[in-house]
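Engineer: In case you want the letters, here they are:
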Amino acid sequence: MSALRQYGALSRRSIVNTIRQPAAIVPALVFPLIFLALTAAALDRSTDLPGFPRVDSFLQFAVATTIVQGSLFGAIAAGADMAKDIEGGFFERLVASPVARTSILVGRLAGAATLGFTQAWIYLGITSLFGLEVEGGAVAMVLISLVSAVVGAGIGSLAVAFGLRTGSNEAVQGAFPLLFVLLFFSSAFFPRTLMEGWFAGVAGANPISHLIEGLRSLVITGLDAGELLNALAVAAGLLVLGIAAAAAALRGRLKAAHG
Amino acid sequence: MAGMSGTAAAPVLAQGLVRRFGDVVAVDGIDLEVREGEVFGFLGPNGAGKSTTVRMLTTLLRPTDGRAVVAGHDVVHEAAAVRRKIGVALQEAAIDPLMTGRELLRLQAILHGIDRPESRKREERLLDTVGLTAAADRRVGTYSGGMRRRLDLALALMHEPVVMFLDEPTTGLDPNSRLALWDEVRELNARGTTVFLTTQYMEEADRLAGRVAIIDEGRIVARGTPAELKARVGEPILRVLLPDGADPARAREILEGFGQDADGDGALAIHLKGGASRMGPVSRALDEAGVPVEGLELHQPTLDDVFHEATGRRLEGADEDQAEEAPRKGRRRGKA
Amino acid sequence: MSAVTWAVARRSLVLIPRLPSTFVPSMVMPIFFTIVFSEGFRGLANLPGFPARETVDWFVPMSAIMGAGFAGITLGMGVARDLEGGFYDRLLSSPAPRPSLITGSLMAAAARSLLPFALVMVVGVLMGASFAGGVVPSVGLLLVAATGVSMITAGWSVAIALRLKTQQSAPLMQVGFFLLMFLSTLQMPLNLLTGWLHDVARINPMTQVLDLARAGFLDLVSWGQVWPGLVALAGMLVVLVGFAARSLQKVIP
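Protein chains in written order, with this note's numbering: chain A, 1 to 259; chain B, 1 to 336; chain C, 1 to 253.
Simulated from the structure, these hints should not be mistaken for lab results.
A portion of the hints provided could be inaccurate.
Across the chosen pairs, the derived CB separations fall in these ranges [claimed, not checked]:
no.	chain 1	residue 1	chain 2	residue 2	range
1	C	V231	A	F130	29 to 37 Å
2	C	W196	A	V16	35 to 43 Å
3	B	L179	C	A118	34 to 42 Å
Small disclaimer: the values here were computed from a predicted structure and weren't measured.
Glycine included, C-beta positions come from ideal geometry on N, C-alpha and C.
Just chain A, same shape as in the assembly (with noise of 0.2 Å):
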């Protein structure tokens, strides 16, 4: 088998199985929505504070932040079914098979991608009916759905680390709530220019500030090539370094478990 086909059918694998748990996947689509909805209902009129970035409403600020949380979602699911693959024998087997080591992450890692670039989507398209306008028009929306891809990507090979590294579905699970620590620590839910004094400091070291601001500006002022850098650089600053930690943890694995 082809590394291509490998990876192919690895992936596929990682996609078929996030799918086939509807119990987890809505309530992790669904909650993002719902509390987009209410806080930027909530928090409508703050739109009109000097120094708010000039948009339509709330929504339109706050959307990207409900993209990255969604494609939070696939990364962690990416990392949790590393784990369960691991404490099921999957990995096992996998690794006594012919099949090239890397088909193993690239398969993870492309299911997050593509769940990443799929909630993009789907929330682009659902809030669209409520009004929602993206100032960068169509290739703003491609641009938005591929980053999240990536973004998905970077994560999840975070996530596949640490899924690698701790073999445990428990851990992997009970990390996803320190990713949203991040998120709260950033200027995901309110602009950083009405941020002062030490937490502006925090929000503007925080990567995931520069990353959703960066998507932001594509929905609320169109084609920035500067802001856009930021978010790129962002997001394919998290794949390197995640894809790094992810391999380092399978070496790492299969050293200990082979010798």
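Let chain A serve as the given structure and place chains B and C on it in line with the hints.
Structural biologist: Just chains B and C now, kept in the frame of chain A:
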């Protein structure tokens, strides 16, 4: 309740108990009467309706039909009074693994309205009785299966109940723990507590119970003392094992004189008239006729046979019991 | 209070440190919310008509209420654990009066709500909350609101636990509480809410409770500000504790 006055003192009295779960009839008209001070055995395979019946008798489940009076009170209308007088140790030990044994005993005392000084006394006594004094301050999650059952027993005894309900107390226990628990049940009964014991193990019912009711598919199919029930099945069965290829015709002729044909599970067998003491004459007769015999097995009827008679099936766990049984009188095997 | 009520409550409290997986998050979350909301949404204080000068005065009471609400939910999770593990049978088959099983949970919830309350107070002081209406009224009114909310969520979560009989019902318990809070003046005051959310928040009794909780911090201490919150607490308590009691009836054969 009209007509019940003469038996109102019976610790457990059930008339026509029925319990349905939707379309499924788990308990289909059960009548029971337990006498004061006895150990009453309720024997049947898994799924027969034993636990459901016990839950009705212990007020944890409402009967769909019929009535029951336990410790002098109706289980439906005077449930609280019943609970004050009964002790319950169900199949799944109802414990909290995060609490210590002593904490659970203390809580049990409070639930039953026992004041602190009295509760302290009983805690120590019960821990001693079930042999858990050393482990009392450890979390129950660290206890073995046998220890948990014993704690469950202690908890059930805290308020000094008149009737004790034990639902499958030794299921899943290793043989030593099982024997230890049997001793505790005997002691408990010796001190005057009436015991209602449910079990799927015929050995348990045979050894502990004064009277037994056998339940299958929601109905009682036999009742009486273990001895009575076994006697009803008939004479013991004698199996004659012949060497491979031997002609059974001659052996059969001889055996005809000693009793009727029986189901020998593949081997020649008869219901041995006159019981075990006739084994000698059978052996001599076969010997004199020159019939080569590999072995003679005497199989005393068991409660499992009683069950088989009544239902055509065997109790689950019966094989397990036979493996554990000590060698019986009269069993001689030529084979290793 | 009967001995059984005390025993049920005491058991719940004793078990807190023995279940670290729920204990630690319940302590961290209220502190986290106080900091992140007060700092992240600092700009809200500049909105004309915003009732607080600093967002910390607005969000400290909210975080205490959130923490108290989650403390109440742990009681329902405990009942679910007992039902799954079979321990609840022991409680039910004892002669203990049924109501004391519920009142014991309520007492434990109120006691448990004190911890997030205290933590949020400490963080609030460190972040410069002004206690504009006076320290005693601020803390006192918030305490009343917090303990009330913890008993309300205890009633809710215990009812869910008794009906669904599984620890998997925990997300449902949490979501119910979240919605109740987010459909009210959790983030924005009523005068700054628009559209459908304004209409919903206006009739949501939690809005009155949050008003009560914030009264001291916003220097709005008056009977008019306070009595609707007390009525709302009492009303929700009756409804949800009643829900729990009816659910217990269903479990009893």
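Engineer: Hints first: check each against the structure and report whether it holds.
Structural biologist: Status of each hint after checking the structure:
The beta-carbon spacing between V231/C and F130/A, approximately 35 Å, falls within the hinted interval of 29 to 37 Å. In this structure the hint that W196/C and V16/A lie 35 to 43 Å apart at CB holds, the actual value being about 39 Å. L179/B and A118/C have their C-beta atoms about 54 Å apart, which leaves the hinted 34 to 42 Å range violated.
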